[in-house]
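S.K.: Going down the list, the sequences are from chains A and B. So in numbering that gives the first Met the number 0, spot 427 of the first sequence is number 426, and the numbers just go up one at a time. So in numbering that gives the first Met the number 0, spot 132 of the second sequence is number 131, and the numbers just go up one at a time.
A hint or two may mislead.
[Unchecked claim] Derived SDA-like pairs (lysine to any residue); straight-line CA-CA distance at most 20 Å:
1. A:Lys617 to A:Gly551
2. A:Lys438 to A:Pro293
3. A:Lys438 to B:Asp85
4. A:Lys438 to A:Gly377
5. A:Lys617 to A:Val683
6. A:Lys438 to B:Glu136
[To be verified] For the chain B half of the interface with chain A, some residues (derived, Cβ under 10 Å), not all of them:
7. Gln68
8. Thr69
9. Ser72
10. Pro77
11. Arg83
12. Thr117
13. Gly155
14. Asn172
15. Pro175
16. Ala182
17. Tyr194
Please keep in mind that the hints were generated in silico from the structure rather than gathered at the bench. Just so we're clear, the structure is a prediction, and the values are computed from it rather than from any experiment. Beta carbons are placed, not taken as given, at the ideal position from N, Cα and C, and that holds for glycine.
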Amino acid sequence: MKAGHANPLFPAGDPTASEFDEELVFDCVPFHFRPSRRGFVRTLGAGLILALPAPAQDRGRRSQRGGGGGAATLAARLHIADDGTITVFTGKVECGQGSRAELTQAAAEELRLSPSQVHLLMADTQSVPDDGGTAGSRSTPSTVPAIRAGCAAARELLVRLAASRWDVDPLQIEVRAGEARQAGEDHRLSYADLVSDADSAAALAQAIPDGPRLTPMDRWEVLGQSVSRPNGAGLVTGSHTYPSDIQRPGMLYGRVLRPPAFGARLVSLDLAAAQAFDGVTAVHDDQFAGLAGPTSASAAAALSALAAAAVWEERGDHTSSDALFEHLREHAEGGIPENPFRAELDGASHTLRQSYHVPYVQHCPMEPRSAVAEWDDGRLTVWTASQMPFRVRGELAQAFRIAEDRVRVIIPDFGGGFGGKHSGECAVEAARLAQAAGKPVSLQWTREEEFTWAQFRPAALIEAEASLDAAGRLTSWHFINVNSGRSAVDTPYRTGKAESAFLGTEAPLRHGSYRALASTANVFARECFMDELAFLAGQDPLEFRLAHLEEGRLRDVLEEAARRFDWASRSQELTPPRGAGIACGTEKGSFVAACAEVVVEASTLRVTHVCQVFECGKVLNPANLRAQVQGSIIMGLGPILSEETRFAGGKILNPAFSSYPVPRFAGLPQLEIHLLDRPDLDSVGGGETPLIAVAPAVANAVFRAAGQRVRKLPVRLEA
Amino acid sequence: MSWIRIFSGNTPFGLDHRRDLWKSEYSGSPAPLFLPPGSRTAPVVMNTEPQETSQTSTTISFTINGEKQTVASSPDRPLLEVLREDLGLTGTKYGCGETQCGACSVLLDQRRVFSCRTPVSQADGREIVTIEGLSREDALHPVQQAFLDEDAYQCGYCTPGMILTTVALLAENPRPDDAQIVAALNGNICRCCSYPNILRAVQRAAGGLPKGD
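With the sequences and hints as input, model every part of the structure.
M.R.: Okay, here's the thing in structure tokens:
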């Protein structure tokens with residue numbers, strides 16, 4: 000195998016892998032620490048079974064559904080203190096997407112409390128149930144119902160206790176403002192009364208009963224409302240403690256020695272020069288090397304000395320971003336298949352075949368990967384930023400050969416994830432440094448490390464071919480995604496014959512999940528291709544799409560976006576250098592359509608207006624959903640306008656915001672966002688799908704504005 | 000089925016403010032998209048070797064959040080590190096280390112500086128304000144309150160820098176127009192892309208939004 004990462008994401012042909020599984024799979028960095036002699040004695044002495052590491056090749060391939068195991072008992076979902084204070088537990092994390100508000104709402108709704116009366120404890124593996132990773136837009140469809148069920152069960156316990164105390168039918172009891180009440184009577188029972196009642200306390204220790212009565216939507220008072228981030232005051236005062244802000248007594252600051260290029264092997268290392276720095280402890284263990292010092296500055300200075308004492312063996316077979324798409328094509332598993340629809344192509348009025356290129360991009364959350372690790376008598380506590388707290392606990396247990404119950408992972412609300420913080424290598428690194436130093440260690444990756452060593456959104460090579468009959472109907476459709484994944488690879492449009500497929504290949508960079516992952520590339524390519532086909536058929540891009548769409552939710556958002564944008568007029572009236580484009584897509588059960596207006600002057604593209612319609616079932620928190628949609632649109636502009644990871648010789652060439660521009664205030668379009676509320680439908684997540692339509696809408700507008708088709712991202716216009 | 004019209008274009012985004020925006024700081028040439036004022040446009044490879052810092056410690060005194068403070072530090076250590084590691088003021092964030100993202104913004108003599116590249120020696124004898132020093136006796140600073148009112152954050156990691164940059168802007172220009180706000184905040188990145196809410200918060204703090212809007 001030449002390259003470093005052959006399909007860590009998508010086990011080819013795994014029949015058990017579902018769409019969600021693929022979204023959640025991540026690529027772990029393997030660590031092979033030598034067994035710690037002291038650790039062995041301690042662990043064996045304590046009579047615990049050593050956790051055996053799984054075979055290395057399996058580790059990156061395990062996948063996990065969004066739901067996790069959930070709460071085994073009612074008490075595992077919520078705690079009622081003697082004074083009635085209620086704490087709800089969840090394994091989900093908050094990294095800006097608004098889960099803290101939404102899950103608090105879910106609990107408050109069923110407990111009949113205001114959100115401010117519910118404390119939500121998130122992602123401390125010692126205290127919360129495993130609700131699965133925070134990924135794949137699963138918090139809304141999986142965890143909101145789980146929390147509602149637990150809290151509704153607690154409410155029913157209160158009703159049952161009141162019915163028994165007052166000797167009345169439970170149907171005569173209503174819970175309002177956290178108290179059980181009976182019409183016409185003054186008596187009240189509160190949640191605090193549950194704690195002192197033996198039967199109720201026993202029921203809390205039991206499994207959550209099936210089918211507690213959930214509050215029907217027409218009686219919702221908290222869900223469906225705009226509720227602000229519960230800890231907003233901590234954000235504006237700077238008092239919120241992010242993982243990188245954790246400070247522990249005696250804590251040191253860590254740095255890790257990185258290879259000079261991907262795949263380089265550490266042949267030898269002399270720690271002496273680094274150890275000579277005051278207070279610095281350096282460690283070299285297999286391929287891991289790093290140090291910890293009393294300040295970041297001393298650690299950085301010592302790292303320079305450490306780097307000077309390292310001998311590396313570099314690989315010589317690196318590909319580059321310039322050769323990326325040829326590389327992906329050459330290594331596509333089984334080769335790119337022939338289009339099987341020869342008869343349709345031969346009998347067509349028009350045929351079209353195009354290739355689309357989507358480069359690697361980075362998540363670059365504002366808070367680079369961070370962890371603080373602390374050992375105490377063979378037990379390990381790590382504060383870190385990850386969307387997968389229980390998976391990170393497993394990674395730590397495996398790396399240090401200790402049982403999972405000796406590892407506690409705490410995930411404070413952290414500074415951005417976007418699908419990029421799944422794996423736990425930063426936690427493992429911090430823990431190894433803390434083990435060596437015998438003191439707590441804080442490790443925060445530099446921005447350059449984050450741009451280089453964090454997982455990338457996979458690059459995509461997409462080959463599309465289609466045929467049209469004389470009436471402009473699609474008679475065949477052949478669509479192949481190489482490298483970036485299956486999600487949204489199937490077309491939602493009616494076609495005579497269709498085959499869509501995902502092919503693995505040899506991926507030159509370590510890639511993993513990203514907001515909406517593969518649907519970003521698949522929808523970009525499909526919607527651009529549809530636009531070209533409409534042009535070939537001599538049809539309006541909207542009419543061409545509608546002619547191939549059944550009645551339904553996708554059609555609804557597309558028609559609404561066109562109406563709100565006034566597509567009929569503006570698509571005709573805008574003339575170069577201005578132009579309008581349209582696109583739509585569906586992913587993870589939600590639906591999006593966007594219209595964009597652009598202007599192209601002096602080979603420079605500016606997006607002036609984006610009108611987007613989004614629908615994800617019943618809206619649970621309109622203001623938060625709006626924030627997610629507008630954030631997705633703006634984030635989605637990055638890869639079309641400016642973002643592209645360039646690499647050569649095993650190095651990232653632009654590992655900095657100065658050379659990898661992301662969206663800023665200046666240059667942003669006017670935004671017009673419409674949310675379609677569907678009280679008749681279950682709620683699904685809304686933090687990902689709103690990203691997928693903006694790039695193709697802009698690309699299609701560029702064609703109208705400048706006569707150039709965009710088939711490669713980011714847009715590079717010819718003079 | 001009900002439509003919630005949540006947001007429609009009352010932002011300055013999309014206006015052709017490029018000319019005005021870049022005039023003062025970008026010497027007149029067209030601005031590459033999403034690059035902040037004064038940034039390098041050629042590909043940049045960061046030095047992978049950390050810069051040597053002097054190990055010699057010196058005494059530096061300044062006023063921070065209204066109180067006099069003396070620290071012993073090598074003079075070229077970034078102010079950001081001294082704030083976070085020596086003084087425990089972790090509200091100021093590391094984001095990039097190259098003055099590109101604004102997460103490390105603090106006020107030095109009432110002007111915004113990027114503390115990640117400000118040697119601590121430059122603070123000697125001067126007045127520093129960090130996010131921890133804005134509120135007074137449980138009352139939020141008006142800019143903090145405006146950010147809270149507008150939900151002008153998602154993950155919130157960029158928020159302290161955004162707020163301090165806004166405070167500096169309003170100290171110089173109490174009634175900035177939208178293009179001036181965009182220009183002042185363009186050195187600050189919000190990767191969650193809460194830019195529209197942040198803009199509204201700044202407008203609100205500047206008195207430009209009616210109550211309850």
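S.K.: Hint by hint, note whether the structure agrees.
M.R.: Here is what the structure says about each hint:
1. Simply put, Lys617 of chain A and Gly551 of chain A have alpha-carbon atoms about 16 Å apart, close enough for the 20 Å limit, and the pair holds.
2. With a CA separation close to 11 Å, the supplied pair Lys438 of chain A and Pro293 of chain A stays within the 20 Å bound.
3. Our distance criterion of 20 Å between C-alpha atoms is met by Lys438 of chain A and Asp85 of chain B, whose separation comes to about 17 Å.
4. Restraint check for Lys438 of chain A and Gly377 of chain A: satisfied, since their Cα atoms lie roughly 13 Å apart, inside the 20 Å limit.
5. At roughly 8 Å between alpha-carbon atoms, Lys617 of chain A and Val683 of chain A fall within 20 Å of each other, so this suggested pair holds.
6. Restraint check for Lys438 of chain A and Glu136 of chain B: not satisfied, since their Cα atoms lie roughly 36 Å apart, outside the 20 Å limit.
7. Among the interface hints, the one on Gln68 of chain B is violated; its C-beta lies about 17 Å from the nearest C-beta in chain A, farther than the 10 Å criterion.
8. Nearest Cβ of chain A to the Cβ of Thr69 of chain B: about 17 Å, over the 10 Å cut. The hint is violated.
9. Given hint, Ser72 of chain B at the interface with chain A, holds; its Cβ is 8 Å from that chain's nearest Cβ, closer than 10 Å.
10. For Pro77 of chain B, the suggested interface contact is upheld, since its CB lies about 8 Å from the closest CB of chain A, less than 10 Å.
11. A distance limit of 10 Å between C-beta atoms decides the matter here; for Arg83 of chain B the minimum to chain A is near 8 Å, and the interface restraint holds.
12. Annotation: Thr117 of chain B was flagged as interfacial toward chain A, and the flag is violated, the nearest CB pair being 14 Å apart, outside 10 Å.
13. Among the interface hints, the one on Gly155 of chain B holds; its C-beta lies about 3 Å from the nearest C-beta in chain A, closer than the 10 Å criterion.
14. For Asn172 of chain B, the interface hint is violated, since its Cβ never comes within 10 Å of a Cβ in chain A; the closest pair sits about 16 Å apart.
15. Given the 10 Å rule on beta carbons, the hint for Pro175 of chain B is violated: about 13 Å separates it from the nearest Cβ of chain A.
16. The restraint placing Ala182 of chain B at the interface with chain A holds, with a minimum CB-CB distance near 7 Å, inside the 10 Å limit.
17. About 5 Å separates the beta-carbon of Tyr194 of chain B from the nearest beta-carbon of chain A, less than 10 Å, and the hint is met.
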